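Kindly generate the complete structure, drawing on both the sequences and the hints.
Chains as they are written, first to last, in the working numbering: chain A, 1 to 345; chain B, 1 to 345.
Errors might be hidden in some of the hints.
Straight-line Cα separation of at most 27 Å, BS3-like style, residue types lysine-lysine; simulated pairs [what the hints assert, rightly or not]:
1) A:K6 <-> A:K320
2) A:K109 <-> A:K6
3) B:K268 <-> A:K66
4) B:K320 <-> B:K6
5) B:K320 <-> A:K268
6) B:K6 <-> A:K268
7) B:K268 <-> A:K207
8) A:K268 <-> B:K268
9) B:K109 <-> B:K6
10) B:K307 <-> B:K320
11) A:K6 <-> A:K340
12) A:K307 <-> A:K151
Simulated coverage check for chain A against chain B, where a stretch passes if three residues somewhere in it have a Cβ under 8 Å from a Cβ of chain B [as the list claims (entries may be wrong)]:
13) 262-268
14) 297-309
Derived from the structure by calculation, the hints contain no laboratory data.
Note that the structure is a prediction, hence the values are computed from the model and not measured.
Virtual Cβ for every residue (Gly too), placed ideally from N, Cα, C.
There are 2 protein chains.
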Amino acid sequence: MKTDKKINRQWLLARRPVGTLTSEDFEYKESAVPTPSEGEVLVRMLYFGYDASQRLWISEHGGYMKPVQVGEPIRCMGIGQVVSSRHADYAEGDLVDGFFSWQDYVVTKPDAQMPLRILPKADYPLSWNLGVFGVGGLTAYFGVTDVLRVKPGDTVVVSAATGATGSIAGDICKALGAKQVIGFAGGPEKCRWILEKAHFDAAIDYKNDDVEQRLRELCPDGVDAYYDNAGGDILDTMFLHMAPRGRMVLCGAMSSDYSDMDGFQGPKNYVLAITKMLRMEGVHLFFYRDRLAEGVAQLARWVEEGKVHVEECLYEGFEKAPELLASVFTGKRPGKMVLKVGDPE
Amino acid sequence: MKTDKKINRQWLLARRPVGTLTSEDFEYKESAVPTPSEGEVLVRMLYFGYDASQRLWISEHGGYMKPVQVGEPIRCMGIGQVVSSRHADYAEGDLVDGFFSWQDYVVTKPDAQMPLRILPKADYPLSWNLGVFGVGGLTAYFGVTDVLRVKPGDTVVVSAATGATGSIAGDICKALGAKQVIGFAGGPEKCRWILEKAHFDAAIDYKNDDVEQRLRELCPDGVDAYYDNAGGDILDTMFLHMAPRGRMVLCGAMSSDYSDMDGFQGPKNYVLAITKMLRMEGVHLFFYRDRLAEGVAQLARWVEEGKVHVEECLYEGFEKAPELLASVFTGKRPGKMVLKVGDPE
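Right under this line is the structure:
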């Protein structure tokens, strides 16, 4: 694989994947560096972020975005540097993040579904803009503050608590004065991590514990607020343990493999929402595009105060892009997974 | 069957029912009239109301109330007249409604899960206190105004639109200025009823129409507010047609037979709540016990203005109690089903 930056390395979708991803779903290609048209910018990629949604974007349905077609580069959230700009808001050298794809050079037209965000000069690592100050951290911020509206004294449960969103969500709840923040994680090592690194009060090992029993012990008066990144059986079980008028924020469904829109499991216990008058509400960053700076500012304060723990799963090397995506669903390490593919100038 | 009022006629649970109700699930018995203890009142029953929840109350789990045990009279919402009172708030002759059971005479201790409501002298039929001014109408009122928060210009969909709750919910939405109120009903006759008697703008016949096609035609810009009395496939389909930030109120699940808590179908499309940031929230009258009078007053104004249509399915005769309960799930006529079993003095 050449590293000459005049060549545009690409990872394309080789075929419509079925179920678990394999190397044959992707095709490596080298192309010429593209040229921006009026209103577009050319960006050289520095970091690729990893999100479960990427699996859905390459499915036939695409989820909430246009599906990536066979022969197109794989869409990702990423960080890059503007090489040349034909858009008034962006200048050469700007560091930006937003929707890109697995290429060295991406031509993009800002003002699409998400604005291309110009990253401030800051004293934290550039890649944090994909994690704690990116989709994961900001979704957690608005999910907890605006949807769950966690308040002092609340008992909160967070699933996928070692994830890029879940770990930040738990820390935010604690920062807001929640009485007890309990995280679901898979295996003793991850359970230890959310207690020792993140600021959770208790962990439930969904792979080994009797989940119902643990919830009864830990939350005898019921759960006031539940941050759902899991879906599946965990979501279903949570309905049994919610306190009257409890709130749930729906953020992800990591119990599924995101391989298609029909692969999700509906929670049959949802009827308990009637008699307990529960509120379930989704959260998606598209609805907060005007408030991102507010979220970053508050998260930065909490990080500085040590209340929000930042963890990255940082890899390096353009060639690793496909195998890392598969690992999102097979138990990656805690924190935000990021692949470094270049250095800023 | 004797009608001598000194005998207490009763319909008891003969066995734990499985699936569809049959006459063998009930046992007729005649007992002595019971005597109230301190803090209790003795009520002679005048009307039994019919609710889907009754089926759940006689299941092993009981739903949100203690299950009725074999040998106990079947629980119902009803209207009665106080025969003798050993409770300071109630006097002989008071007309009351609340939780009772299928007997001529019920001894009850007010201030249980729901207060026993003293019915005002009014110029409308007494039985309306079980319908438009009872659980159905009041749940619709709070479900629409407090949970869905329907506002002028909204496109609203209501399922089980000929039901005691659904028909009132639709009329309330229209009274609040909704642009379009669409009802789900089963069969052309019921569809006609919601257009001609209730104030719906359009009907979808879920038994005969192509539901998806009809929703696309009627709601090209999506549904702002959905009042769910159906659950099952209709609820699942509605997720596909909700507008971004749409609201759903969860009120019932008439697509199920309510025979046990495990018999409900989870909506697999609930994941769309994430990307559209939908809000789903249950409604249950237990949480509004302090605001019932407000609801009755507003409903009465709308009824007087002709904005809310009142329909009753009125039957007479104590002996009919069991067969009517089975009919709740097998397509009863529109409106609130009520059985008259006595006259006030």
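Tested hints:
1. The suggested pairing of K6 of chain A with K320 of chain A holds, with an alpha-carbon distance near 20 Å, which does not exceed 27 Å.
2. For the proposed pair K109 of chain A and K6 of chain A, the alpha carbon gap of about 21 Å is at most 27 Å, so the pair holds.
3. Pair hint K268 of chain B plus K66 of chain A holds up; C-alpha atoms about 21 Å apart against a cutoff of 27 Å.
4. A threshold of 27 Å between alpha carbons decides the hint, and for K320 of chain B with K6 of chain B the separation of about 20 Å falls inside it, so the pair holds.
5. Between the alpha carbons of K320 of chain B and K268 of chain A the distance comes to roughly 33 Å, so the proposed pair goes past 27 Å and is violated.
6. Our distance criterion of 27 Å between C-alpha atoms is broken by K6 of chain B and K268 of chain A, whose separation comes to about 47 Å.
7. Using a Cα cut-off of 27 Å, the hinted pair K268 of chain B and K207 of chain A holds, with the two alpha carbons roughly 23 Å apart.
8. The hinted pair formed by K268 of chain A and K268 of chain B meets the criterion: a straight-line CA distance of about 9 Å does not exceed 27 Å.
9. A hinted pair counts as satisfied when its Cα atoms are at most 27 Å apart, and K109 of chain B with K6 of chain B qualifies at roughly 21 Å.
10. For the hint pairing K307 of chain B with K320 of chain B, the CA-to-CA distance comes to about 32 Å; that exceeds 27 Å, so the pair is violated.
11. A hinted pair counts as satisfied when its Cα atoms are at most 27 Å apart, and K6 of chain A with K340 of chain A qualifies at roughly 18 Å.
12. Using a Cα cut-off of 27 Å, the hinted pair K307 of chain A and K151 of chain A holds, with the two alpha carbons roughly 16 Å apart.
13. Only residues whose C-beta sits within less than 8 Å of a C-beta in chain B count toward coverage, and the segment 262-268 of chain A has 6 of them, enough to reach three; the restraint holds.
14. For the segment 297-309 of chain A, the stated coverage by chain B is not satisfied: 0 residues place a CB nearer than 8 Å to a CB of that chain, which falls below the threshold of 3.
In summary, the structure is inconsistent with hints 5, 6, 10 and 14 from the numbered list given earlier, while agreeing with the others.
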